[in-house]
Amino acid sequence: MELFRSHVLVCGGTGCTSSGSDVIIEQFEKQLAEHGLENEIKVIRTGCFGLCEAGPVIIVYPEGTFYSHVKPADVKEIVEEHLLKGRVVRRLVYVEKGEHPDAGKPLDEISFYKHQTRVALRNCGVIDPENIDEYIAFDGYMALAKCLTEMSPQEVIDLVTEANLRGRGGGGFPAGNKWQFAANSKSDKKYVICNADEGDPGAFMDRSVLEGDPHSVLEAMAICGYAIGSDEGYIYVRAEYPIAVERLKTAINQAREYGLLGKNILGSDFSFDIHLRLGAGAFVCGEETALMASIEGKRGEPRPKPPFPAVSGLFGKPTNINNVETYANVPPIINKGVEWFHSMGTERSPGTKVFALGGKINNTGLVEVPMGTPLRTVIYDIGGGIPKNKKFKAVQTGGPSGGCIPSSLLDVPIEYDSLVEIGSMMGSGGMVVMDEDNCMVDIARFFLDFTVEESCGKCTPCRIGTKRMLEILDRIVEGKGEDGDIERLERLARTISSSSLCGLGQTAPNPVLSTLRYFRDEYEAHIYDKRCPAHHCKSLVHLEITDDCRGCTACARVCPVDAISGEVRHKHEIDTEKCTKCLSCIEKCRFNAIIKV
Amino acid sequence: MSQRDEQLKLIDIEIEKHKGDASSLMQVMQYSQDIMGHVPMDVQVRIAEGLGVTLSEVYGVATFYSQFALEPKGKYIIGVCLGTACYVRGSQAILDRICEELNLEPGKTSSDGLFTIEATRCIGACGLAPVITINDDVHGRLTADDVPNILKPYLRG
Chain A
0 MELFRSHVLV CGGTGCTSSG SDVIIEQFEK QLAEHGLENE IKVIRTGCFG LCEAGPVIIV
60 YPEGTFYSHV KPADVKEIVE EHLLKGRVVR RLVYVEKGEH PDAGKPLDEI SFYKHQTRVA
120 LRNCGVIDPE NIDEYIAFDG YMALAKCLTE MSPQEVIDLV TEANLRGRGG GGFPAGNKWQ
180 FAANSKSDKK YVICNADEGD PGAFMDRSVL EGDPHSVLEA MAICGYAIGS DEGYIYVRAE
240 YPIAVERLKT AINQAREYGL LGKNILGSDF SFDIHLRLGA GAFVCGEETA LMASIEGKRG
300 EPRPKPPFPA VSGLFGKPTN INNVETYANV PPIINKGVEW FHSMGTERSP GTKVFALGGK
360 INNTGLVEVP MGTPLRTVIY DIGGGIPKNK KFKAVQTGGP SGGCIPSSLL DVPIEYDSLV
420 EIGSMMGSGG MVVMDEDNCM VDIARFFLDF TVEESCGKCT PCRIGTKRML EILDRIVEGK
480 GEDGDIERLE RLARTISSSS LCGLGQTAPN PVLSTLRYFR DEYEAHIYDK RCPAHHCKSL
540 VHLEITDDCR GCTACARVCP VDAISGEVRH KHEIDTEKCT KCLSCIEKCR FNAIIKV
Chain B
0 MSQRDEQLKL IDIEIEKHKG DASSLMQVMQ YSQDIMGHVP MDVQVRIAEG LGVTLSEVYG
60 VATFYSQFAL EPKGKYIIGV CLGTACYVRG SQAILDRICE ELNLEPGKTS SDGLFTIEAT
120 RCIGACGLAP VITINDDVHG RLTADDVPNI LKPYLRG
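Heads up: the sequence lines are chains A and B, in that order. Each step along the first sequence adds one to the number in numbering that gives the first Met the number 0, with nothing skipped, and position 382 is 381. Each step along the second sequence adds one to the number in numbering that gives the first Met the number 0, with nothing skipped, and position 106 is 105.
Source of the hints: derived by calculation from the structure; they are not laboratory data. Careful, some of the hints might be misleading.
Said to hold, decoys possible - Below, in silico cross-link-like pairs of lysine to any residue (SDA-like), each with a Cα-Cα straight-line distance of 25 Å or less:
1) A:K335 to A:Q115
2) A:K577 to B:P105
3) B:K16 to A:H274
4) A:K577 to A:T552
5) B:K107 to A:D473
6) A:K577 to B:P147
None of these values were measured; they are calculated from a predicted model.
Using the sequences plus the hints, can you model the full thing?
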């Protein structure tokens, strides 16, 4: 085996790739070759490191130097200084907010990582996802080997049940129970499905697992196949995730080559193979019955349950379906045991959960924490708080099915049941932070707009009910809200939740209900005072220039509709009739002289 | 042979591979869309006949999934992410500005066939919010003011 004195890990997740990490890798390869270092130093494209805010990010081992915001032009300096002469390039080292520029720390001491426990993300940003050998070197496929050689299918199910691994897709249903139901169904053919149709806006946990550690999902699906008696699996993945799709294809081919998928795996009489199916942009396909209809090539419309998929699923056969993160937890549970798994998290929800932290937060990215961690730890200690010294208003969890949690509840521990109690839900793990500038009525409207667009149209309460709710919300944010609108929203919400066919409709009113519960005053301000307290809703605010104006003309020059006039060095005026409230002028003004009223 | 004939030939080969297999309908349609950029009616008819499903089923699938286009799209497809993380960081203002600059509505293609504007779902680049894509190029951490400069190189066609 070749030995290298240094490894340069370049993040190849979607975030960093979008900001040019591909070009950075090319540059590294070119520069290393120029200096004759290609046999001494290895460049590896890994999965997501998690700290997307600092992207593109690079780690140089063995030192563990963490470079952030690297540009292709910086590569030459890193190669010539760091890799050739051993001098760390200080100006590129990641420094936490408020710390001295020379305080760059190794990865495991940075606050963003210090509070995390990585189980599902254990290999993300660590191994080369396109190289099965690296996965194997990190105990990959050991759990599958253990199951096939030392355990009976029932023992595997018992272990997963005892571990109390709950569905990471949001519902929190125990995976072991699902496996048991599917195992109990008698049939000549059964299927294993991985739900990788991660549709919640602002959620990208599953994508990162697929991009950074695709083999862990394949291994877990094979284990599930062994446990329930299935020989065929499907991964249904969003077509919007091209990098994940490519890495899955590569991983499946490599696993087949190594005899870890296909006929008689590891010399046993167990055979299992996996196919890939791409979604085509329908959110409802994240619902399991809709997803199976889509794999069958049909419109992705849900159907009533029962029969549950474990009895009659894909092509009418017993089927087990779990999401990506749930599967990614299975191999370590088999390898390390139930006790290890129970050492993390809470009694009712053991283990960890991955969250995609986004919105108005300093450290945007992926975090994995033990269940039961307070929201405050995630937002302030890991997330680094709110940018620009703004005030925290709410955190949204659970996507279009979830709700907004106010600051008074920030110490609630994150687990399935506690989040439901406060009117939100775990969901798949999107966590979007909002500050004082975000209008909660508008956020509710945003989610309803999403549901209306994504409702499949099969059942009436969802198709028509959500549309009616959206119309009311549209009216309110336009300043045309009427007395009784809040009550109308509440009545519709109750009807839609109780009578919709699938989870999409049943949970669609949640964003409205939770904002009504915690931010009712904002609704009332819109309806009765025709005022948007966050100064967000365009129909309810206008811009004014204060006496702080120095007449620098920057605002007048940037205004796309020529609504600002005034002479140089004299206070400017805004023509509110012409103004489109695009807010470009506020961004340009250096004297904070333009305000929303 | 015209470009279209060549495309149709490729699609026919793909249909032949899946002949009579109704469950591969979406895969064949995705393939066709990759080749042609959209799935016009005559292609839908071919697929229906080849796979042994009714045309109404093909049309049903084509109109159910937002990814399938029945009409050709512009040379440059501008996708403005309206996922939650981008939305709370102001992507609506960016979408409004793009529409204003190009004098075009979301979901529509310009009459010169150059641009299509789409309000897209989360593309998962939340660290770069707000984000837009123009074909395969990603532009992140934008303000509405950046829009004219970003569009400039594409306006030449």
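Task: Those earlier numbered hints the structure runs against, lowest number first - done: none
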